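For chain D, the structure is supplied; the task is to place chain P on it using the hints.
Single-letter residue listing:
Protein chains: 2
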Amino acid sequence: MGPAVKAYAVLELTDIASEAGRENDMTTTAETTQVQTPDPTAETFNGIHLETLQGTVAAIAKEPELGACKFRATNRWLGGNHNRTTVSGFYGAKQEIAHKQTFELHADEPPILAGNDEGANPVEHLLNALAACVTTSMVAHAAVRGIRIDALESELEGDIDLRGFLGLDETVPKGFTDIRVNFKVATDVENLETLKRLSTYSPVLNTLTQGANVEIRVEPK
Amino acid sequence: MGPAVKAYAVLELTDIASEAGRENDMTTTAETTQVQTPDPTAETFNGIHLETLQGTVAAIAKEPELGACKFRATNRWLGGNHNRTTVSGFYGAKQEIAHKQTFELHADEPPILAGNDEGANPVEHLLNALAACVTTSMVAHAAVRGIRIDALESELEGDIDLRGFLGLDETVPKGFTDIRVNFKVATDVENLETLKRLSTYSPVLNTLTQGANVEIRVEPK
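Order-wise, the sequence lines are chains D and P.
In this note's numbering, each residue carries its 1-based index in the first sequence increased by 1146.
In this note's numbering, each residue carries its 1-based index in the second sequence increased by 1146.
The following block holds chain D by itself, in its conformation from the complex (with noise of 0.2 Å):
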């Protein structure tokens, strides 16, 4: 067990309970809900800057509202099937919060499917969204726990018939249907079943398995 048990303890207010035998203290310490930026020289725990994540729970669960984030992306078709997607900053803890760099995003199709292999096509890329939340959910949670990873990795695989997207057949789904994630952990082996429960809390899991309201619309430029 890690040393950032006790002071992840308001992490786990829902779940640790079902832990049997695992110590905890269900306070937290932090009297704070300023948020705070990582301090590189502070301890990690996989990694994990656990202070400032301390500091962004203890905030959350003082004052509820700090929760509420907005994440954002805007794209640019540049022709054909390839466009690119920019990404710059959120809204969360109620404020705007702009990230370290601006990340940009290509997608394309391959040629098979008429495009020029420029980026990962969209449903590849939403893969690639499901593995890193996933990822990140197990590890940052294990962490909370004292659950310690030493290597993590995963292949995943979705199927997709391209008759529904391409109106053959309208009986057809559009979408992935069954989407398999196989991750290989180094690890105890005992800490198996619990990283596995942990990573449900992935935020892409629940929206892919749980669905989400999507607002199209399209005016004119």
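Read the hints as simulated data drawn from the structure, not as lab findings.
If you're wondering where the values come from, they're calculated on a predicted model, not measured in any experiment.
One thing to keep in mind: the hints can contain errors.
Calculated pairs, DSBU-like style, for lysine-lysine (alpha carbon to alpha carbon, straight line, at most 30 Å) [to be verified]:
#1 D:Lys1216 to D:Lys1246
#2 D:Lys1367 to P:Lys1342
#3 P:Lys1342 to P:Lys1216
#4 P:Lys1216 to P:Lys1240
#5 D:Lys1216 to P:Lys1330
#6 D:Lys1246 to P:Lys1330
#7 D:Lys1216 to D:Lys1240
#8 P:Lys1216 to P:Lys1246
#9 D:Lys1216 to P:Lys1342
#10 D:Lys1367 to D:Lys1216
#11 P:Lys1330 to P:Lys1342
#12 D:Lys1330 to P:Lys1240
#13 P:Lys1216 to D:Lys1330
#14 D:Lys1330 to D:Lys1342
#15 P:Lys1216 to D:Lys1342
#16 P:Lys1330 to D:Lys1367
#17 D:Lys1342 to D:Lys1208
#18 P:Lys1208 to P:Lys1240
#19 P:Lys1367 to D:Lys1342
#20 P:Lys1330 to D:Lys1240
#21 D:Lys1330 to P:Lys1367
#22 D:Lys1208 to D:Lys1240
#23 D:Lys1216 to D:Lys1342
#24 D:Lys1246 to D:Lys1208
#25 P:Lys1208 to P:Lys1342
#26 D:Lys1330 to P:Lys1246
#27 P:Lys1367 to P:Lys1216
#28 P:Lys1246 to P:Lys1208
Structure of chain P alone, referenced to chain D:
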């Protein structure tokens, strides 16, 4: 109306009947089920290699099992909230198909979420996937119908309450609840309603709104 309409009539099987006053030819002249790669000198519409797309559509219409695709990604945890996805190929048209290049995508979290901002975060990657997919779907299906698009851009914003992910309140959804996608399109204004309808062919959009089965396995490494 562009030159592609007759050639792509097969793509419109399910909905062209609802487009009053539009010429169409429900047959296709393509006799091959061979998968084609683009000829750089071939005619394009909205930048789409129409002949290539025609070949793929005709092949799948003739032999439906060619539509079954498996898209793939692998991910490696790099420590903390930083991880990297690699996309190199997929299965489609009953064969393994390599991308012309291997794509690497980095994800991280911003400092406030205890990361180092080495990449867009996973839910931003999800917005990218959605933006890219709806854009591609709209442009390709517009090309098929001879709807010319001169420029297209979008802004996306999605709502997440971090209390769900953090486990602070189990009644709070962990994923996106609402996502707003606002397109601005340079096209004849009469096309806007059709373009909005065509956006609903997007596989990522359908995955988000209809949900997918996601199976997660966690094994020792």
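We went through each hint and held it up to the structure:
| no. | hint | in the structure |
| --- | --- | --- |
| 1 | D:Lys1216 to D:Lys1246 | holds, 17 Å |
| 2 | D:Lys1367 to P:Lys1342 | holds, 14 Å |
| 3 | P:Lys1342 to P:Lys1216 | holds, 28 Å |
| 4 | P:Lys1216 to P:Lys1240 | holds, 10 Å |
| 5 | D:Lys1216 to P:Lys1330 | holds, 21 Å |
| 6 | D:Lys1246 to P:Lys1330 | holds, 28 Å |
| 7 | D:Lys1216 to D:Lys1240 | holds, 10 Å |
| 8 | P:Lys1216 to P:Lys1246 | holds, 17 Å |
| 9 | D:Lys1216 to P:Lys1342 | holds, 24 Å |
| 10 | D:Lys1367 to D:Lys1216 | holds, 24 Å |
| 11 | P:Lys1330 to P:Lys1342 | holds, 11 Å |
| 12 | D:Lys1330 to P:Lys1240 | holds, 28 Å |
| 13 | P:Lys1216 to D:Lys1330 | holds, 21 Å |
| 14 | D:Lys1330 to D:Lys1342 | holds, 11 Å |
| 15 | P:Lys1216 to D:Lys1342 | holds, 24 Å |
| 16 | P:Lys1330 to D:Lys1367 | holds, 5 Å |
| 17 | D:Lys1342 to D:Lys1208 | holds, 29 Å |
| 18 | P:Lys1208 to P:Lys1240 | holds, 14 Å |
| 19 | P:Lys1367 to D:Lys1342 | holds, 14 Å |
| 20 | P:Lys1330 to D:Lys1240 | holds, 28 Å |
| 21 | D:Lys1330 to P:Lys1367 | holds, 5 Å |
| 22 | D:Lys1208 to D:Lys1240 | holds, 14 Å |
| 23 | D:Lys1216 to D:Lys1342 | holds, 28 Å |
| 24 | D:Lys1246 to D:Lys1208 | holds, 27 Å |
| 25 | P:Lys1208 to P:Lys1342 | holds, 29 Å |
| 26 | D:Lys1330 to P:Lys1246 | holds, 28 Å |
| 27 | P:Lys1367 to P:Lys1216 | holds, 24 Å |
| 28 | P:Lys1246 to P:Lys1208 | holds, 27 Å |
In summary, this structure violates none of the numbered hints.
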